[in-house]
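The sequence shown runs 17 to 502 under our numbering.
I should point out that these hints are in silico values taken from the structure, not numbers from a laboratory. Check before you lean on any hint, since a few could be wrong.
Claimed, not checked - Listed next, the in silico DSS-like pairs over lysine-lysine satisfying Cα-Cα at most 30 Å (straight line):
no. : residue 1 : residue 2
1   : K254      : K205
2   : K106      : K29
3   : K254      : K201
4   : K205      : K285
5   : K254      : K285
6   : K201      : K29
7   : K360      : K201
8   : K205      : K29
To be verified - Computed Cβ-Cβ distance ranges for the label pairs, DEER-style:
no. : residue 1 : residue 2 : range
9   : E133      : D178      : 18 to 28 Å
10  : H183      : A321      : 46 to 56 Å
11  : D423      : E161      : 32 to 42 Å
Computed from a predicted structure; not experimentally measured. Cβ atoms here follow ideal geometry from the backbone N, Cα and C, with glycine treated the same way.
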Amino acid sequence: MRVLFLNPPFLPKFSRSQRSPAVIRSGVLYYPLWLAQAAGLCEQHGYEIRLLDAPAARSRLEDVVAVSRSFAPQLIILDTSTPSIQSDIKVAEAIKASCPATSIIAVGPHASALPAETLAAGTSLDAIARGEYDLTVLEAAQAVEGGAGLEHVLGLTVRLTDGSILHNPDRALIENLDDLPFVSKVYQKHLNVADYFYSITQYPEVALVTGRGCPYGCTYCVWPQTLTGRRYRVRSVKHVVDEFEFIATEMPEVREVFIEDDTLTANPKRAVALAEELIRRDIHLAFTANSRADVDYETLRCLHAAGLRLLCVGFESGEQSILDRMQKGIRIEQFHEFRAAARKAGVLVHGCFMAGYPGETRESLAATLRLALELDPDTAQFFPLMVYPGTVAYDYVRRNGMLITEDYRQWLTDDGLHRSTVTLPTISSEELIAWCDHARRVFYTRPRYLLAKTGQIARHPGEARRILKSAGVFLHYLFRPTLNGS
Numbered sequence: 017m018r019v020l021f022l023n024p025p026f027l028p029k030f031s032r033s034q035r036s037p038a039v040i041r042s043g044v045l046y047y048p049l050w051l052a053q054a055a056g057l058c059e060q061h062g063y064e065i066r067l068l069d070a071p072a073a074r075s076r077l078e079d080v081v082a083v084s085r086s087f088a089p090q091l092i093i094l095d096t097s098t099p100s101i102q103s104d105i106k107v108a109e110a111i112k113a114s115c116p117a118t119s120i121i122a123v124g125p126h127a128s129a130l131p132a133e134t135l136a137a138g139t140s141l142d143a144i145a146r147g148e149y150d151l152t153v154l155e156a157a158q159a160v161e162g163g164a165g166l167e168h169v170l171g172l173t174v175r176l177t178d179g180s181i182l183h184n185p186d187r188a189l190i191e192n193l194d195d196l197p198f199v200s201k202v203y204q205k206h207l208n209v210a211d212y213f214y215s216i217t218q219y220p221e222v223a224l225v226t227g228r229g230c231p232y233g234c235t236y237c238v239w240p241q242t243l244t245g246r247r248y249r250v251r252s253v254k255h256v257v258d259e260f261e262f263i264a265t266e267m268p269e270v271r272e273v274f275i276e277d278d279t280l281t282a283n284p285k286r287a288v289a290l291a292e293e294l295i296r297r298d299i300h301l302a303f304t305a306n307s308r309a310d311v312d313y314e315t316l317r318c319l320h321a322a323g324l325r326l327l328c329v330g331f332e333s334g335e336q337s338i339l340d341r342m343q344k345g346i347r348i349e350q351f352h353e354f355r356a357a358a359r360k361a362g363v364l365v366h367g368c369f370m371a372g373y374p375g376e377t378r379e380s381l382a383a384t385l386r387l388a389l390e391l392d393p394d395t396a397q398f399f400p401l402m403v404y405p406g407t408v409a410y411d412y413v414r415r416n417g418m419l420i421t422e423d424y425r426q427w428l429t430d431d432g433l434h435r436s437t438v439t440l441p442t443i444s445s446e447e448l449i450a451w452c453d454h455a456r457r458v459f460y461t462r463p464r465y466l467l468a469k470t471g472q473i474a475r476h477p478g479e480a481r482r483i484l485k486s487a488g489v490f491l492h493y494l495f496r497p498t499l500n501g502s
């Protein structure tokens with residue numbers, strides 16, 4: 017039994033697997049984390065698998081069809097995203113025409129949020145795996161292998177032989193995440209780590225999760241609302257540190273681990289326990305993680321001692337009323353307290369800032385830029401609100417007439433950059449994009465910032481490769497306006 021796990025071709029360097037899929041200005045390309053995890057589980061259960069990441073491997077549609085024909089899988093698991101969904105379905109159609117006996121199941125946030133719509137968009141997909149899909153895919157492989165069909169697999173939405181659509185009951189979330197194999201082993205065997213780049217980490221890196229789900233209520237965040245849920249389920253500290261040890265010993269070229277939990281610090285005691293175990297086992301491997309801006313100094317100090325180099329933090333807005341509408345559950349004063357604690361602990365910060373959440377005004381945009389300059393993180397990103405099906409934010413803007421289009425390809429510009437699909441009563445989508453361009457230029461062209469970066473490269477040669485590699489792509493876009501029609 018052969019199963020092909022496919023991250024399909026779309027635009028060059030299209031980073032489908034991140035929370036907000038696009039072609040990224042700094043050259044970022046995410047690992048197909050969820051796809052690789054499910055592939056590893058099927059391989060662990062004895063299936064012959066192939067993991068093909070077309071954007072990373074620079075594979076074209078004809079290459080993917082050729083691989084499908086030669087590998088001859090009985091089942092294909094096809095990753096999807098909102099801006100690429102029309103192309104993803106066309107890829108499935110091309111494969112189906114070449115391999116008509118192969119069952120194709122689509123996965124990912126978009127398909128999970130809109131299973132019936134996704135199936136109705138063409139005839140090439142046999143089913144959609146909703147939500148967290150590791151066990152759903154494994155059971156589907158077992159059903160196909162046994163000739164039982166997909167009609168009784170939990171978590172699937174299935175196209176029946178008469179063309180009707182059946183929504184099987186939901187599948188419960190995985191409680192014991194230690195049952196899943198190390199995703200780093202899947203990368204090592206099936207991918208080329210040199211293909212992947214995260215501008216906030218030292219290169220090359222690997223990405224993994226130590227837990228799934230997020231207990232916070234941010235209305236725009238897509239993974240907790242479409243894949244992993246609102247409860248933080250975690251791997252044991254031993255299991256995580258065992259994987260760190262595997263990476264350190266078996267993948268010596270890797271310089272850093274990106275912990276892709278929505279919020280590693282959601283459980284501070286566990287975060288400290290993880291740090292202490294890394295120190296106890298004397299594992300010297302730098303790591304970066306996602307965090308809220310509410311971590312105390314002692315926790316940061318302990319994490320830094322264990323190898324934490326940088327935290328990626330969603331500050332989002334400098335206006336408290338906007339944060340409240342997002343359901344961030346945090347105060348702006350905490351941002352400043354956190355930033356001071358991070359500086360004291362020696363932890364770098366990547367700040368994420370958002371424009372265009374309902375209620376935004378030109379005054380609140382100005383407050384957000386002021387906040388970014390006051391916090392002065394190591395790096396910053398400024399993006400318009402990107403709303404995705406399955407999220408509270410998407411439903412709100414759609415219901416209130418703020419969504420410009422339901423043509424998903426319009427979520428990106430022609431060259432793959434984020435495009436604003438939200439217009440506000442007093443601020444147009446074009447103005448939101450222009451503000452992001454302006455904020456980016458103001459932040460990155462400050463003499464103080466440029467001087468600090470020069471000093472960082474001189475003092476920490478290990479940072480030079482990361483900075484120069486991302487700058488080479490980023491500077492191409494910095495002075496080029498991101499027009500909605502570009």
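>> Flag every earlier hint the structure violates by its number, smallest first.
In response: 4 and 7
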